[in-house]
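A.B. asks: Work out the full structure, taking the sequences as your base and the hints as a guide.
Okay, here's what each chain looks like letter by letter:
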Amino acid sequence: MGRIAYVDLASETVRIEEISNELRRLFLGGRGINTHLLYQMVGEETDPLGPENVLVVGAGLLTGVAGIANSRISFSAKSPETGLLGDSAMGGFFGGQLRYAGFDHLVIQGRAKKPIYLWIHDGRIEFKDATHLSQLDTLQIQERIREDLKDPKIQVACIGPAGRNGVRFACIIHGLSHAAGRTGMGGVMGSKNLWAIAARGKTALPIHDPEKLLHVFQRHYQQVTRTKGFLASSIYGTMIRLNNTRTQGYEGGLNHQFNMMEYGGEELDAEVFIDKFETKKATCFGCPTACKHMFRVPRGIYQGMECEGPEYYGCGGWGSQCGCSSWETILEAWNLCAKYGLDVGSMTAYTAWVMELYEKGIITEKDTDGLSLEWGSAEAIIGLIQQVIEKRGIGKLLAQGWIEAAKAIGRNSERYMDHVKGLSIECDDVRGHRAQALGLATATRGACHLRSRYTLEEFFLPEEATKKLTGKPIPQDAAVYDGKEWACYWTECICSIADALGVCKFMTKWLSVGLLGFEEFIESIEAVTGVKLSLEEMIEIGERIYTTERLFLTREGITRKDDIVPEKFYKPWTHGPKAGTRIEAESFEKLLDRYYELHGWDRNGIPKPESLKKLGLEKEPRL
Amino acid sequence: MKIASEKCTGCRLCESVCSLFHDKKMDLTFSRIQIDPSSENHYRVRVCLQCEDCPPSEVCPTGAFQWNKATGGVKILEEECNLCGLCIPECPYSSVFEGDGSVLVCDLCDDRPKCVEVCQKQAIQFA
Amino acid sequence: MEKKEIQIRCKACSSRFSVLPFDRFAQCPQCYQEWKIKWLDSESGMIIAPVSWKEYQLKSRRIVPNG
Chain A
1 MGRIAYVDLA SETVRIEEIS NELRRLFLGG RGINTHLLYQ MVGEETDPLG PENVLVVGAG
61 LLTGVAGIAN SRISFSAKSP ETGLLGDSAM GGFFGGQLRY AGFDHLVIQG RAKKPIYLWI
121 HDGRIEFKDA THLSQLDTLQ IQERIREDLK DPKIQVACIG PAGRNGVRFA CIIHGLSHAA
181 GRTGMGGVMG SKNLWAIAAR GKTALPIHDP EKLLHVFQRH YQQVTRTKGF LASSIYGTMI
241 RLNNTRTQGY EGGLNHQFNM MEYGGEELDA EVFIDKFETK KATCFGCPTA CKHMFRVPRG
301 IYQGMECEGP EYYGCGGWGS QCGCSSWETI LEAWNLCAKY GLDVGSMTAY TAWVMELYEK
361 GIITEKDTDG LSLEWGSAEA IIGLIQQVIE KRGIGKLLAQ GWIEAAKAIG RNSERYMDHV
421 KGLSIECDDV RGHRAQALGL ATATRGACHL RSRYTLEEFF LPEEATKKLT GKPIPQDAAV
481 YDGKEWACYW TECICSIADA LGVCKFMTKW LSVGLLGFEE FIESIEAVTG VKLSLEEMIE
541 IGERIYTTER LFLTREGITR KDDIVPEKFY KPWTHGPKAG TRIEAESFEK LLDRYYELHG
601 WDRNGIPKPE SLKKLGLEKE PRL
Chain B
1 MKIASEKCTG CRLCESVCSL FHDKKMDLTF SRIQIDPSSE NHYRVRVCLQ CEDCPPSEVC
61 PTGAFQWNKA TGGVKILEEE CNLCGLCIPE CPYSSVFEGD GSVLVCDLCD DRPKCVEVCQ
121 KQAIQFA
Chain C
1 MEKKEIQIRC KACSSRFSVL PFDRFAQCPQ CYQEWKIKWL DSESGMIIAP VSWKEYQLKS
61 RRIVPNG
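Protein sequences appear in the order of chains A, B and C. Quick note, the first sequence lines up with residues 1 to 623 if you use this note's numbering. Quick note, the second sequence lines up with residues 1 to 127 if you use this note's numbering. Quick note, the third sequence lines up with residues 1 to 67 if you use this note's numbering.
Please note that the accuracy of each hint is not assured.
[What the hints assert, rightly or not] Quick partial rundown of chain B residues pointing at chain A, CB under 7 Å, derived from the structure:
#, residue
1, Ser5
2, Asn41
3, Val116
4, Gln122
[Unchecked claim] Mimicking DMTMM-like on lysine to aspartate or glutamate, the simulated pairs with C-alpha atoms at most 20 Å apart in a straight line are:
#, chain 1, residue 1, chain 2, residue 2
5, B, Lys121, A, Glu278
6, A, Lys281, B, Glu80
7, A, Lys153, B, Glu40
8, A, Lys202, B, Asp36
9, A, Lys150, B, Glu52
10, A, Lys202, B, Asp27
11, A, Lys153, B, Asp100
If you are wondering where the hints come from, they were derived from the structure by calculation, not from laboratory data. Built from N, CA and C at the ideal position, the CB exists for glycine as well.
C.D. replies: Here is the structure:
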């Protein structure tokens, strides 16, 4: 059920394939089917910015269907930033429209001869000239396409100047700031001369049992809106994490040199933002939370600037990580990244990186076109974004991705970037949360908080609760290593499934115990497809998706030596109520061993043949 | 029905439940409540407000467009409707819609409107 | 009418303690850290910040980083 369109941009042709029930049964949809297709179609020799790279766009099995937060759509390709698996997802309204227009997945190959955008509607895909969009930012592009095609309900996912100019960590933007952010999927679109995908559909999605779906939907609505923590999500959104990392002492400070800031910092409380800047809440398709903030800057040099955001990644990333305590600066930087189509995760990490390089004298104003990179400098934070877009000063190097930039700078500059497998770590410091540290080291797209991070580790849940939730008890204390391999594994499963279904993880048990979990997913899948999966079958699908991603990495030469936390995690936290906490190497290695065993991988992190056979993956192309 | 469009976040849970309940399918185009974007994250809600003075019901030549005394709302009797479409432009709130071989208007789900139950921001309310 | 006590968890030492609904400040009886509390409703109290950020950050510094 559902359709994949193989789109060849060079010849402007489309080949359509029905998605077999078997493929759905093995991978469900979304990130699951994306991973399966991508693994078959690219290899070690594929240049991420070459025409042979493949961009797979995949709406979830439930995306666009009546239910809670069925909004997500995944974009996968070989990453131009890391050279490994690239995969990111966005919410908003684009995914649903793609499905209503008649397509669940797009496999985009080749390179268009000139800039184009895809116009997808009524079961057809048209190739439209995009050259008139060449000076526009992401918001203007979307408005222009709606005007040109005369329909205000068209939903667009597009790249901005960053993607068009070949920045390797460019992202894909939809709406004001919904983003398929990490791993440079916008760079892949740019390299293909594909500037936007516009979708608008009026076709009903097939539902096996609409009455059952209605009841399931109504029940899930009551369940999530009455969950403890729903209210906090609907007021603070991801700024809950801003609050937690600051009060519990695990924020990243000055490029992860510290785990807490000493600048005073009342200004950076979420309360201040909500009070001074927030105007309205915004949401994605099917979600009652409305976790997103709309804001307006009331005075100062950015007076009148309005956007949607910021999320925690920007608050911590330009805040404590860059020593900045000005909301206005953070909001302007956020706004620019949304308009230019630049990944906030990488932009903030690169900013903090070069600020430390500047502090240590490894780079000077000569390298930065005269820009001083003092900690906390608004001029530096905004100036660096402009330099990246314009590819001048230090931006010329940063646009190539930090790995190439570090090679060009030399002088051991790479030692100051905290990353896993080439992707920078988030703006928090999880050495004291053992399951989260393990997740960081092993996540299949590099350091990632959305695939393997056991969020619940921060909430001190009693063992009876975690046993009920995951099937096995997980120690209450974040600093304990025992049992944390199971927490990480469970998280990988629930995230893989949520991403394959297109359900936003903010409405799942990944965030809070009372929200949607495997049982609820099983109910929704049954109502939509008629197939009732068991819990074991769900876990197996999650494992299959994750293992396919691991095979992608194995093929690229990734082994145990790359499943590591940043070096500084082995040193103690200097600040905060848990100062003194560090990763103990021996305990971490044993944790990693137990984790590999759970997955059925060998001691080097390579999936064993019998584990692959169990998942039906033994025939996948391999080394 | 009372609407406060400024509170609407565009989640479309109302459109979803309406189309599922009435048409037994997942098709927002034919929902009896329509959420129109006016700009990014700003929406206009269109749904029948059960006006005392109802122009669409007055112009209906067959009497299909009627008041339903039981619910206090309106209802289109499908078997009487001749699809002339004269009612559609008469609604001052543009809340009578062209369906697929039918004319659509909110009938309060014949009892308690389901959209109100899933509107977290209370952009739509029913006394 | 007596107010029902609500349990919250100290962000510094992770121990739980009781507060009354709509109390704006509270001190952890275990580690004595003072917190500001925000109430989303009568049962949902959240610690949003220490009473003094500067004191909290300086006080909690244990180890001077080398060079």
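A.B. asks: Go through the hint on asparagine 41 of chain B and say holds or violated, using the shortest Cβ distance to chain A against 7 Å.
C.D. replies: Hint on asparagine 41 of chain B: holds, closest Cβ of chain A at ~4 Å, below 7 Å.
A.B. asks: Need the status of pair lysine 153 of chain A, aspartate 100 of chain B: alpha-carbon distance at most 20 Å?
C.D. replies: This hinted pair holds, its Cα atoms lying about 19 Å apart.
A.B. asks: Is the hint on valine 116 of chain B kept, meaning its closest Cβ partner in chain A is under 7 Å away?
C.D. replies: With a minimum Cβ separation of about 12 Å from chain A (threshold 7 Å), the hint on valine 116 of chain B is violated.
A.B. asks: Are lysine 121 of chain B and glutamate 278 of chain A close enough, with their CA atoms no more than 20 Å apart?
C.D. replies: holds (16 Å)
A.B. asks: Straight-line Cα separation of lysine 150 of chain A and glutamate 52 of chain B no greater than 20 Å?
C.D. replies: The hint is violated at about 35 Å.
A.B. asks: Can the restraint linking lysine 153 of chain A and glutamate 40 of chain B be considered satisfied, given a maximum Cα separation of 20 Å?
C.D. replies: Given pair lysine 153 of chain A, glutamate 40 of chain B holds - Cα atoms ~11 Å apart, limit 20 Å.
A.B. asks: Should the interface hint for glutamine 122 of chain B be scored as holding, given a Cβ-Cβ cut-off of 7 Å against chain A?
C.D. replies: violated (11 Å)
A.B. asks: Quick check on the hint: serine 5 of chain B CB to chain A CB, less than 7 Å?
C.D. replies: violated (12 Å)
A.B. asks: Is it true that the CA of lysine 281 of chain A sits at most 20 Å from the CA of glutamate 80 of chain B?
C.D. replies: violated (44 Å)
A.B. asks: Are lysine 202 of chain A and aspartate 27 of chain B close enough, with their CA atoms no more than 20 Å apart?
C.D. replies: Holds: lysine 202 of chain A and aspartate 27 of chain B sit about 7 Å apart, inside 20 Å.
A.B. asks: Assess, step by step, whether the Cα of lysine 202 of chain A is no farther than 20 Å from the Cα of aspartate 36 of chain B, and give holds or violated.
C.D. replies: Judged against 20 Å, a Cα distance of about 15 Å means the pair holds.
In this structure, the hints that do not hold are numbers 1, 3, 4, 6 and 9, in rising order.
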